[in-house]
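Assemble chain B onto chain A, guided by the hints.
Those sequence lines, one after another, are chains A and B. The numbering used here applies: residue 1 is where the first sequence begins, and numbers increase by one. The numbering used here applies: residue 117 is where the second sequence begins, and numbers increase by one.
The set of hints was computed from the structure by calculation and includes no laboratory data. Keep in mind that a hint or two might mislead.
Unchecked claim - Some but not every residue of chain A turned toward chain B, in silico, with C-beta under 8 Å:
#1 His45
#2 Ala47
#3 Gly48
#4 Trp50
#5 Gly84
#6 Glu95
#7 Trp107
Stated by the list, open to error - The calculated label-pair distances, taken between Cβ atoms and stated as ranges, are:
#8 B/Glu526 to A/Glu61: 40 to 48 Å
#9 B/Ser540 to A/Val80: 38 to 46 Å
#10 A/Thr70 to B/Arg466: 51 to 59 Å
#11 B/Pro473 to A/Gln34: 26 to 34 Å
#12 B/Gly409 to A/Glu61: 47 to 55 Å
#13 A/Ala75 to B/Ala556: 22 to 30 Å
Claimed, not checked - Over the 10 Å line for every Cβ pair with chain B, so calculated as not near, a few chain A residues:
#14 Arg31
#15 Gln34
#16 Leu36
#17 Phe37
#18 Gln65
#19 Leu76
#20 Ala87
#21 Thr92
#22 Pro93
#23 Thr94
#24 Gln106
#25 Ala109
We put the beta carbon where it would ideally sit given N, CA and C, even for glycine.
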Amino acid sequence: MRRSVLGLMGLAVILAIAMPAAVRSSERAERSPQELFAARCAYCHEAGGWGTRVLARRMPEGEAQLRQRTSLPPALTTLVVRRGIGAMPPFTPTELSDEELQALAQWLAEEARPRR
Amino acid sequence: MPVLPPGLTQESFDKALDEFRAAIGAQWVFTSEADRASYLDPFDIGDQHDHASAAALAPADVEDCRKILAIANRYKVPLWPVSMGKNFAYGTAAPEMRGSVILDLKRMNRILEIDEQMGTAIVEPGVSFFDFKAELDRRGSRLWMSGPAHSWGSVIGNALEHGVGYTPYGQHAEQICGMEVLLADGTLVRTGLGALEGTREWQAYRWPFGPALDGMFTQSNFAIVTKMGLWLMPEPEGMAGVSIRVPRKDDFRALVDTLRPLRMTDTINAPYTIANGWRQITGGRVRSQVWDGPGAIPQARMEELLAERGDGWWSVIFNLFDSPAGLDLRLDKIRRAFDQGLPGATIDVRRWQQGEPQEPWMRQEVSLAPLGAVDWGGSPGGHSDLGPIVAPLGGRAEQVYEIIERRFLEYGKDPWVGIFGISSRALVFVADMYFTRTDAEETARCRALFRQLCADMQAIGVGLYRTHLRFMDDAAAMHAWGDHALPRLNDRIKAALDPNGILAPGKQGIGSWNSREGTDR
Numbered sequence: 001m002r003r004s005v006l007g008l009m010g011l012a013v014i015l016a017i018a019m020p021a022a023v024r025s026s027e028r029a030e031r032s033p034q035e036l037f038a039a040r041c042a043y044c045h046e047a048g049g050w051g052t053r054v055l056a057r058r059m060p061e062g063e064a065q066l067r068q069r070t071s072l073p074p075a076l077t078t079l080v081v082r083r084g085i086g087a088m089p090p091f092t093p094t095e096l097s098d099e100e101l102q103a104l105a106q107w108l109a110e111e112a113r114p115r116r
Numbered sequence: 117m118p119v120l121p122p123g124l125t126q127e128s129f130d131k132a133l134d135e136f137r138a139a140i141g142a143q144w145v146f147t148s149e150a151d152r153a154s155y156l157d158p159f160d161i162g163d164q165h166d167h168a169s170a171a172a173l174a175p176a177d178v179e180d181c182r183k184i185l186a187i188a189n190r191y192k193v194p195l196w197p198v199s200m201g202k203n204f205a206y207g208t209a210a211p212e213m214r215g216s217v218i219l220d221l222k223r224m225n226r227i228l229e230i231d232e233q234m235g236t237a238i239v240e241p242g243v244s245f246f247d248f249k250a251e252l253d254r255r256g257s258r259l260w261m262s263g264p265a266h267s268w269g270s271v272i273g274n275a276l277e278h279g280v281g282y283t284p285y286g287q288h289a290e291q292i293c294g295m296e297v298l299l300a301d302g303t304l305v306r307t308g309l310g311a312l313e314g315t316r317e318w319q320a321y322r323w324p325f326g327p328a329l330d331g332m333f334t335q336s337n338f339a340i341v342t343k344m345g346l347w348l349m350p351e352p353e354g355m356a357g358v359s360i361r362v363p364r365k366d367d368f369r370a371l372v373d374t375l376r377p378l379r380m381t382d383t384i385n386a387p388y389t390i391a392n393g394w395r396q397i398t399g400g401r402v403r404s405q406v407w408d409g410p411g412a413i414p415q416a417r418m419e420e421l422l423a424e425r426g427d428g429w430w431s432v433i434f435n436l437f438d439s440p441a442g443l444d445l446r447l448d449k450i451r452r453a454f455d456q457g458l459p460g461a462t463i464d465v466r467r468w469q470q471g472e473p474q475e476p477w478m479r480q481e482v483s484l485a486p487l488g489a490v491d492w493g494g495s496p497g498g499h500s501d502l503g504p505i506v507a508p509l510g511g512r513a514e515q516v517y518e519i520i521e522r523r524f525l526e527y528g529k530d531p532w533v534g535i536f537g538i539s540s541r542a543l544v545f546v547a548d549m550y551f552t553r554t555d556a557e558e559t560a561r562c563r564a565l566f567r568q569l570c571a572d573m574q575a576i577g578v579g580l581y582r583t584h585l586r587f588m589d590d591a592a593a594m595h596a597w598g599d600h601a602l603p604r605l606n607d608r609i610k611a612a613l614d615p616n617g618i619l620a621p622g623k624q625g626i627g628s629w630n631s632r633e634g635t636d637r
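Bound conformation, chain B alone:
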């Protein structure tokens, strides 16, 4: 069934498509049902056709993008830029607004620079983590990539979406240093020191003369990011892989309070991951292998499963990066902190030093491991993740965890929770709701659970770090302080930069004032 951009007739859309074909070549304009199907979100938490695209366009370069923008402005065609389009659990390549046209940037896939001396790189949107790692390896680079859990995605896309990795450079948006962005009117801008002709410092410093704009183009729809500068970590002299087992469920508060000062002082110098019981017992299995009853897997069964594995209710894993002597000091400090704060915990350590072969625990290899968990609740599976940002204070973290667990159990879902110590002063909870995609009752229940938790989180002043397309407006609406002053400011910026609302309307709830008729929110 044809899908049209909101407000356009078939006739006017056909004319726009003809102009797109003339501009970038007919072979790069995709309109067939099969081609459009490949841009649907396979893991949507509902009918994936609610977010169907009307077509897809694949520009070769910035000039192609400019031509596309001019046509889109003329016909009021909404464009949804994607880099690799692998934003799994958050929408994959699908647009927020049904009937948008995908702007697929995969052909813009050059690694423009890797500067070994400065530890920086400049990449285009179509560079995946697979590509980037291969290029670093090919060059014999002494710089390391910080990759997320799955490597299929785009280096740029992941940083723009505030993705996370497992090295000291693991908060990927913080490694951004300088961008080239294309505004809706076709103006090409280089941010920061890239605005100086002949600069050597574009990737050197994030705080230029005047406002630092890079952050404004992350998780937004104010421009198309066509190039990004990034900082890369020099290969460390050594690493230690630390795993900590914490036996009792009510140790959570003490665990968070023990970890906070260690992370804040950079003793733990990379993000850590806390997993609750439900998250730990997955281990490559599917749910029916461990529990067949209704509702969430009961606490008693969970304790049996954890005991079989020799695990505690909580596990913590992280890697440390330093010289061998530096690692000794860090580990000593960590052991002393746990002896004092959480003496029941068990700490295991593995070590690596430069020159030795790398091992899987170091997480330096590319991976698609998360795809192995998709079918946890039944095939064809999917999941959607609630990601509250929480201060690493024991009481606060416990408050949020208890709400999440209680609501998941109430809605009959396994409270599958990971908690990421992504920075010195913030935890991001990732509460995954796994579902069978073909089960309409279950997906509806998960959507209701997600919205219930948005209300719960807003009630205690907690916001989200990222959401699936379906919940963009819900998450944006949580920012209600000052009569929604911040979302309203975003809309004002959007209106100024993109008056026709052609760039990703609805992303992060921004530009939702554009025509919504015929769309299912």
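Next up, chain A with everything else stripped away, as it sits in the complex:
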């Protein structure tokens, strides 16, 4: 019993050491749009991020933060992500697959709501 517990611990250590820093690309389809946003976008596009600060220079008040947009068409998001815009560099298909990008763009469009 003791040996098998140690064996499992050993396996856990090996797995921890061999674990990829980021999720392997081939497994990315399992990530939800929320997780993708957190992993790829939030650092710049949440409050206080550089993307938000740069966008505040040219967007109407309250629209600089992506998730507070009143409208964000999916086609705009997919175009901007693959080509970059302004100070934002593009994202390659190894960072976000086409399927992930579509799901993310759709989710962001649904998050955007006209203000009353």
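Coordinates of chain B only, in the frame set by chain A:
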């Protein structure tokens, strides 16, 4: 519009692509216009399509890379390996030679080892600074990462490109200890003590029996680096953040001469950054908020802006790493040196010790702050950086600074200069030319300025530490001693290791003898 590798017909390239698909899986061969666009350099100092790729390939591992090399050799397809592809201001993921195929190594993203006892790590190319910091945190490691100004890039890629951080381990290429490299013919080599079966010392010692080859694979195109060993700094007992304001522009010579012995004796035990006036006044703003006139922001306006901020013409920032008592000794020595060498300077100090929460000045958190400055000159913005390597002697540094400032003003650009005391005996100047990417006249002017400064620097025997893709040949050609003996040696090594010239032709000007037809230099 389709882009082809130089010398290949559409038919032969299509055949090569089919073989790449069969080798690594069709989903990892990217040929669509949108996918290829994502590998363009968004901050190019000219038409980004001059450096467009023909396709991108994303191998999962070394075996995939081997298969790709075999096919590329057969069809003479040039490959441009990138790790994270975030080499901003130097080309991002784009190839030097138009029509190269990107070898995107992001899927090779394992952290293979973090050795707490030895203070070492082994990583693959697709590990970003974000990933690496997260893993250190997840493990509760007592080892610290030395990160560059932006954390999106690859740990390996940054070290290979001679990137710089802000800790005692801040000269990242010097932390490399052992590599695994894949040669163009598919041979896998472990450098240094990694060549011994069952070694425990691969990351322990950089000077093995025989030549130390790690440096040869940095800023080069002699192999694909598939793994890298690195040294990591143990968490210090304490830190001091020092900022120094130096009032007058003509204090520069004295400033450099005051800092040199402090850095050489390791009293200042991490890289320092000197910023001139133009660099200091950015502060999250854009240029039009402070000056709307033509040409560079005039000296008088600069002095107003600096006075508003309470800044001097020069600022110096650096961090010290030591026990609290050790920090006291270092700070005392620094204060005495400035009292003697530059009494007009003002020194401010912040302190931290183990157990206290970390603060932004410590620069231990991941960051993308430089992206905030890209639009300084107008949106969509970009910048290209001239990086002369200069001895930290007051007269020499002043000579280089004056040339840079004079030329920037002559070309109507703000002389936005940072000077990094990266090692005990070298400064790297980073003179940024910011431009609006859509302004063809301005980008052409910046290219002319860059080339003018290459000529100026060569005339006084000063070389560059790194350049954008566009200036690789210009920078290489500056090394003219002995009838360009060094660049010619690089080309001879290249020809021996990669006779078909398939690995990153043109990188650092090496292998430029390969077909250039149809490419815009």
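Against the structure, the hints:
The interface hint given for A/His45 is broken, as the beta carbon of that residue sits about 11 Å from the closest beta carbon of chain B, more than 8 Å. For A/Ala47, the interface hint is violated, since its Cβ never comes within 8 Å of a Cβ in chain B; the closest pair sits about 15 Å apart. Proximity of A/Gly48 to chain B is violated relative to the hint, the smallest CB-CB distance being about 11 Å (cut-off 8 Å). Evaluation of the A/Trp50 hint against chain B yields a held restraint, the C-beta minimum of about 4 Å falling below 8 Å.
For A/Gly84, the shortest C-beta to C-beta distance to chain B is roughly 4 Å, which falls under 8 Å, so the interface hint holds. Residue-level restraint check for A/Glu95 holds (minimum Cβ-Cβ distance to chain B is 7 Å; threshold 8 Å). Checking A/Trp107 against chain B: minimum C-beta separation of about 20 Å lies over 8 Å; hint violated. At about 41 Å, the beta-carbon gap between B/Glu526 and A/Glu61 stays in the expected band of 40 to 48 Å.
Our hint of 38 to 46 Å for B/Ser540 and A/Val80 holds, since their Cβ atoms are close to 45 Å apart. Distance hint for A/Thr70 and B/Arg466: a CB-CB separation of about 42 Å, inconsistent with the stated range 51 to 59 Å. Judged by the Cβ atoms, the range 26 to 34 Å given for B/Pro473 and A/Gln34 holds: they are separated by roughly 28 Å. Checked against the given bound of 47 to 55 Å, the beta carbons of B/Gly409 and A/Glu61, roughly 29 Å apart, lie outside it.
Under the hint 22 to 30 Å, the C-beta atoms of A/Ala75 and B/Ala556, about 28 Å apart, fit the expected range. The non-interface label for A/Arg31 is consistent with chain B: the shortest C-beta to C-beta separation is roughly 15 Å, beyond 10 Å. With a least beta-carbon separation of about 18 Å from chain B, A/Gln34 lies farther than 10 Å from that chain, consistent with its non-interface assignment. Against chain B, the non-interface label of A/Leu36 holds: every CB pair exceeds 10 Å, the least being about 14 Å.
A cut-off of 10 Å between C-beta atoms confirms that A/Phe37 is not in contact with chain B; the least separation is 15 Å. The beta carbon of A/Gln65 is kept farther than 10 Å from every beta carbon of chain B, the shortest such distance being approximately 15 Å. The claim that A/Leu76 is not at the interface with chain B holds, since no C-beta of that chain comes within 10 Å of its own (minimum 14 Å). A/Ala87, annotated as away from the interface, has a beta carbon of chain B within 10 Å; the closest lies near 4 Å.
Taking the minimum C-beta to C-beta distance to chain B, about 4 Å, the non-interface status of A/Thr92 is violated against the 10 Å cut. Not every beta carbon of chain B lies more than 10 Å from that of A/Pro93, the smallest distance being close to 5 Å; the non-interface claim is violated. For A/Thr94, the condition that its CB be more than 10 Å from all CB atoms of chain B is violated, with the nearest at approximately 4 Å. Interface exclusion of A/Gln106 from chain B stands, the closest Cβ pair being 17 Å apart, more than 10 Å.
Listed as a non-interface residue, A/Ala109 keeps its Cβ farther than 10 Å from every Cβ of chain B; the least gap is roughly 19 Å.
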